[in-house]
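Enquirer: Chain by chain, the residues:
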Amino acid sequence: MNILIKSATIIDSKSEFHNTTQDLLIENGEITKIANNIKNPKNYQEIKLDNLHVSQGWFDSSVSFGEPGFEERDTIENGLKTAASSGFTAVALNANTNPVIDSNSDVTFVNSRAYKKAVTLLPIGSLTVNSKGEDLAELYDMNTAGAVAFYDYKKPISNPNLMKIALQYASNFNGLVCSFPQENKISGHGVMNENITSTKLGLKGIPALAEELQIARDLFLLEYTGGKLHIPTISSVKSVELIRDAKKKKLDVTCSVAIHNLYFTDSMLNDFNTHFKVLPPLRTQTDLDALIEGVKDGTIDMVTSDHNPIDVEQKKVEFDHAEYGTIGLESAFGALQTIFTLKKTIDILTKGKTRFGLENTSINIDEKLNMTLFNPDTKYTFSKSDIISKSKNAIFENETLKGKVYGIISNNKVALNN
Amino acid sequence: MSELSVNHLLGIKYLNKKDIQLIFETADHFKEVINRPIKKVPSLRDITIANLFFENSTRTKLSFELAEKRLSADVINFSSAQSSVKKGETLIDTVNNILSMKVDMVVMRHPNPGAGVFLSKHVKASIINAGDGAHEHPTQALLDSYSIREKLGEVAGKKVVIVGDILHSRVALSNIFALQLQGAQVMVCGPKTLIPKYIDKLGVKVETNLNKALNWCDVANMLRVQNERMDISYFPSTREYTQQFGVNRELLDSLDKEITIMHPGPINRGVEITSDVADSKQSIILDQVQNGVAIRMAVIYLLASKIKQ
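If you read the protein sequences in the order shown, they are chains A and B. No gaps in the numbering here: position 322 of the first sequence is 322 in UniProt numbering, and each next residue is one more. No gaps in the numbering here: position 102 of the second sequence is 102 in UniProt numbering, and each next residue is one more.
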């Protein structure tokens, strides 16, 4: 693969060319030259785009595509196309499937679907058999097939002893255990954040307490067992505090937050719009502010779109019956830039790779090419026409976002949007 | 002529003060009608109303049906204790099937909060919410306020305590919105387990001592404990609940004023209220039931007149 990228502003704090506008020469999948006005040596493909910016490829630690089993929501092929178009060169895929990805052959199947694609797909295996929270799945076997972490998607491990054993067992092979932060007995039949809005709507609330209790429990367990713990999608002030304290104690814990939890509060649910039904639920402005602070100071390691396509039949129903989840890959960059500076946004989108077994790259000479191309300044209203996912359940629909993606160059492939 | 600001009655929180005044003035007229020898007016001869009850109901359903018939509307009834989703048909499809038989208005009771709001966005008919989960029961709150107005002259400035299971109660929520809109002060009283944690943010007082609550109020609206909505026990026993939150004659006599007692029904005699209180002259429980028909006639009439435009 030989390409000449013209006049691109490099956003990469690890690069000596950070914040400068350069031409980049790519030969055989490696960056061979970065300079002003590079001449096209041998009629290479030339990429010249308006206000072009480039960074190392972006990573999302939590996406769901549905396949196998929920192909009506989306397929892995279209999911990876969505990821590429949205600027992501790697995504970690949840075992939110039917059957659940809980064996070596399941992981191999998922990998086969991503073979030779521009986007690297990192399968997450289920932590327990069929994500039932009863017996450990074959974690080591899945690990050898390429599973990068183990997670019962959005299902808490209610039995503390099982979580203890999972952490101990996975530490044998340095496996990453994920624990959904929710104490189910406290969350009960709740469907949204417990606060003034849930009170006004008569909807059952999920108190932040449910999340915090589970995180506190898991941190105690981690302190006892050692091992590696990842807590996906936290949502409350006290959760941030708990993890901040755990990091001070040098526990090997990471966590993420969903972009929509940094952007919307539970007041959006005022007219029972099921597009805003997500888990963990949208919470209050105080929570939102603390989460943003947590991202800024590094307490929160990763920000995820928590992309989860849900077909309209599961969303266009009474609020209590609607499925949780929103798509988010397509809106991720544009939404983050309404909250953070460009530099911070890129920093966020490229963090957490090594935790999930990926290498960090940078935009430097002799580096392997793994790159996202974008225009950070385009302002637009996010609408259905911006959605590539098969399901259109977008929480960001009608929001004004900032920044559009041109595409990616990754795995020796150029995937540019029209 | 005045008209409502809304095309549906989905909850009190979607109404304004003028709407409530208009409903009350219209209900005054209909209350006079239903006390005539011929209790019927021909106003809605060209209107067809479907009563869709996806949850059990006796009095509300009868009250609506009577209101509709006294306005000369054509009425069809559909009752299913099962939600339509469980049967495999969506709520929108169920209702659209009924609407395609040329129905103009839907009165719906449904176990899920927001079901009426949801439906109003997806079907072409005027919707009246006859209770949606723990969300709202607007006609109940209207008839409650109307009954207070009838008994005490006005609602503004009155102190009303709602006693009992606030957590699972659409009646409580609609009453809070309605009473506040009309300038009354509202208190809720019950065991802490049955009071939503953040209810004070609605601007209501919270009291866990019934004696103090009754001493404060002009009106006490006693709610039924909704055992059918509870997934766990929120208090150890009915006996213990009654000891703390049941109103009896002795308690009423110990107050230095005569308060008005209300209850949306059905009453659990001897639990939240004793018989001698329920049947006393302080109680306006049966007036509430009669006013319910007049209020529902008013709401249906006012919404129907918007359809006719």
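By construction, these hints were calculated from the structure, which means they are not laboratory data. A couple of the hints might just be wrong.
Claimed, not checked - Within a straight-line C-alpha distance of at most 27 Å, the following computed BS3-like cross-link-like pairs (lysine-lysine) qualify:
| no. | chain 1 | residue 1 | chain 2 | residue 2 |
| --- | --- | --- | --- | --- |
| 1 | B | LYS151 | B | LYS39 |
| 2 | B | LYS18 | A | LYS204 |
| 3 | A | LYS238 | B | LYS192 |
| 4 | A | LYS204 | B | LYS102 |
| 5 | A | LYS384 | B | LYS124 |
| 6 | B | LYS39 | A | LYS204 |
| 7 | A | LYS204 | B | LYS257 |
| 8 | A | LYS185 | B | LYS61 |
| 9 | A | LYS14 | A | LYS204 |
Claimed, not checked - If you anchor each label on the Cβ, the simulated ranges turn out as follows:
| no. | chain 1 | residue 1 | chain 2 | residue 2 | range |
| --- | --- | --- | --- | --- | --- |
| 10 | B | PRO266 | A | ASP271 | 51 to 61 Å |
| 11 | B | LYS205 | A | SER171 | 23 to 33 Å |
| 12 | A | GLN168 | B | TYR198 | 36 to 46 Å |
| 13 | A | VAL312 | B | ALA81 | 49 to 59 Å |
| 14 | A | LYS344 | B | ASN215 | 56 to 66 Å |
| 15 | B | GLN309 | A | ASP271 | 47 to 57 Å |
| 16 | B | LEU202 | A | SER158 | 25 to 35 Å |
| 17 | B | LYS308 | A | SER385 | 38 to 48 Å |
| 18 | B | ASN7 | A | LYS384 | 25 to 35 Å |
| 19 | A | ASP297 | B | TYR198 | 21 to 31 Å |
| 20 | A | VAL312 | B | LYS308 | 57 to 67 Å |
| 21 | A | ASP297 | B | ASN211 | 46 to 56 Å |
| 22 | A | LYS384 | B | SER100 | 47 to 57 Å |
| 23 | A | SER158 | B | ASN211 | 52 to 62 Å |
No experiment lies behind these values; they were computed from the predicted model shown. Even for Gly, the Cβ is constructed at its ideal location relative to N, Cα and C.
Enquirer: Look at each hint and say if it fits the structure.
Expert: Okay, the hints, checked on the actual structure:
1. Proximity of LYS151/B to LYS39/B is assessed by CA-CA distance (about 23 Å); at most 27 Å being required, the pair is judged to hold.
2. Proximity of LYS18/B to LYS204/A is assessed by CA-CA distance (about 31 Å); at most 27 Å being required, the pair is judged violated.
3. In summary, the hint linking LYS238/A to LYS192/B is supported, as the alpha carbons are separated by about 24 Å, within the 27 Å threshold.
4. At most 27 Å may separate the alpha-carbon atoms for a hinted pair to count; LYS204/A and LYS102/B exceed this at roughly 36 Å.
5. For the given pair, LYS384/A sits about 24 Å from LYS124/B by alpha-carbon distance, which is consistent with the 27 Å threshold.
6. The straight-line distance between the Cα atoms of LYS39/B and LYS204/A is roughly 42 Å, outside the 27 Å bound, and the hint therefore fails.
7. Proximity of LYS204/A to LYS257/B is assessed by CA-CA distance (about 38 Å); at most 27 Å being required, the pair is judged violated.
8. For a cut-off of 27 Å, the pair hint linking LYS185/A to LYS61/B is broken: about 36 Å separates their Cα positions.
9. Between the alpha carbons of LYS14/A and LYS204/A the distance comes to roughly 47 Å, so the proposed pair goes past 27 Å and is violated.
10. Range check, PRO266/B to ASP271/A: about 32 Å between beta-carbon atoms, so the 51 to 61 Å window is missed.
11. Hint check: LYS205/B to SER171/A, Cβ distance near 54 Å, so the stated range 23 to 33 Å is violated.
12. In this structure, GLN168/A and TYR198/B meet the distance hint of 36 to 46 Å, their C-beta atoms being roughly 40 Å apart.
13. Range check, VAL312/A to ALA81/B: about 27 Å between beta-carbon atoms, so the 49 to 59 Å window is missed.
14. Our hint of 56 to 66 Å for LYS344/A and ASN215/B holds, since their Cβ atoms are close to 58 Å apart.
15. Our hint of 47 to 57 Å for GLN309/B and ASP271/A is violated, since their Cβ atoms are close to 25 Å apart.
16. Restraint check, LEU202/B to SER158/A: a C-beta distance of roughly 33 Å satisfies the suggested window 25 to 35 Å.
17. Here the CB-CB span from LYS308/B to SER385/A is close to 40 Å, well matched to the stated 38 to 48 Å.
18. Evaluation of the 25 to 35 Å hint for ASN7/B and LYS384/A yields a pass: the beta carbon distance comes to about 27 Å.
19. Take ASP297/A and TYR198/B: their Cβ atoms lie about 29 Å apart, and the range 21 to 31 Å holds.
20. One distance hint, 57 to 67 Å for the beta-carbon pair VAL312/A and LYS308/B, is violated here, with the actual separation near 34 Å.
21. A hinted range of 46 to 56 Å holds for the C-beta pair ASP297/A and ASN211/B, which are about 51 Å apart.
22. Remark: the range hint 47 to 57 Å for LYS384/A to SER100/B is contradicted by a beta-carbon distance near 28 Å.
23. Judged by the Cβ atoms, the range 52 to 62 Å given for SER158/A and ASN211/B is violated: they are separated by roughly 42 Å.
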